[in-house]
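> Each chain, written out:
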Amino acid sequence: DAGVIQSPRHEVTEMGQEVTLRCKPISGHNSLFWYRQTMMRGLELLIYFNNNVPIDDSGMPEDRFSAKMPNASFSTLKIQPSEPRDSAVYFCASSADFSGQGAETQYFGPGTRLLVL
Amino acid sequence: AQSVAQPEDQVNVAEGNPLTVKCTYSVSGNPYLFWYVQYPNRGLQFLLKYITGDNLVKGSYGFEAEFNKSQTSFHLKKPSALVSDSALYFCAALKAAGNKLTFGGGTRVLVKP
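Sequence order for the protein chains is A and B.
Here this note's numbering is used: the first residue of the first sequence is 29, the next is one more, and so on.
Here this note's numbering is used: the first residue of the second sequence is 5, the next is one more, and so on.
Everything labelled a hint here was simulated from the structure, so no lab data went into it.
Predicted model, so just to flag it, every value in this text is computed and none were measured.
Heads up, some of the hints might be wrong.
[What the hints assert, rightly or not] Short derived list, chain A residues pointing at chain B, Cβ under 10 Å:
# : residue
1 : Val32
2 : Gln34
3 : Gln65
4 : Gly70
5 : Val81
6 : Asp84
7 : Cys120
8 : Tyr135
9 : Pro138
No residue lacks a Cβ here, since even glycine has one placed at the ideal position from N, Cα and C.
Next comes chain A alone, as it looks inside the complex (with noise of 0.2 Å):
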């Protein structure tokens, strides 16, 4: 199995611009997570989807910040417009949380290092 893939792996980008990142989750797996990772803040959990319905939101941190999955292989994080302080890695994991309990193992992509100049 491929794993988790994520494009691009790494992203410049002036401030103003849109930024699209691109998530494709281990096949089979119906749970996907946007994490953020930043110096300052760690982890932070953006959105999860379960079987492709956005389950909780409460992560993105302003409505600059939009998520889709439009199926079950696919999902985006889109950025409009960015800011500096948007710059982190942000990584794509999925699990496959069949039951809703959540105790599956969530594997990570290898993140997208975003740098919004």
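Keeping the supplied structure of chain A fixed, place chain B upon it in accordance with the hints.
Structure of chain B alone, referenced to chain A:
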């Protein structure tokens, strides 16, 4: 609200010596507990988890962790550390039947030859 604390920002240990990375949690009810490791410029890799049952959990790469309910701790241990174990380690907790994994701040482990 649930929280996870990793009291040590960094742990230094000589190769071959025992390694312990501390974690305490605050989760109502029965928690699910996880350890992940992150190597430079890589995503988090799953090491082990405690869901229920035996308090001593064995995981990948020779790591193990002991769940202690009375002390609300889930310390990660390895009997003999390797230089290749140098990495950032994260403890995480989840309320049973919940869905949001809460991570500790991470502990950087440096194993010196």
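> Now tell me if each hint is right for this structure.
Taking the hints in turn, this is what the structure says about them:
no.	hint	verdict
1	Val32	7 Å, holds
2	Gln34	8 Å, holds
3	Gln65	9 Å, holds
4	Gly70	5 Å, holds
5	Val81	12 Å, violated
6	Asp84	6 Å, holds
7	Cys120	9 Å, holds
8	Tyr135	7 Å, holds
9	Pro138	5 Å, holds
Hint 5 from the list above is the single one not met by this structure.
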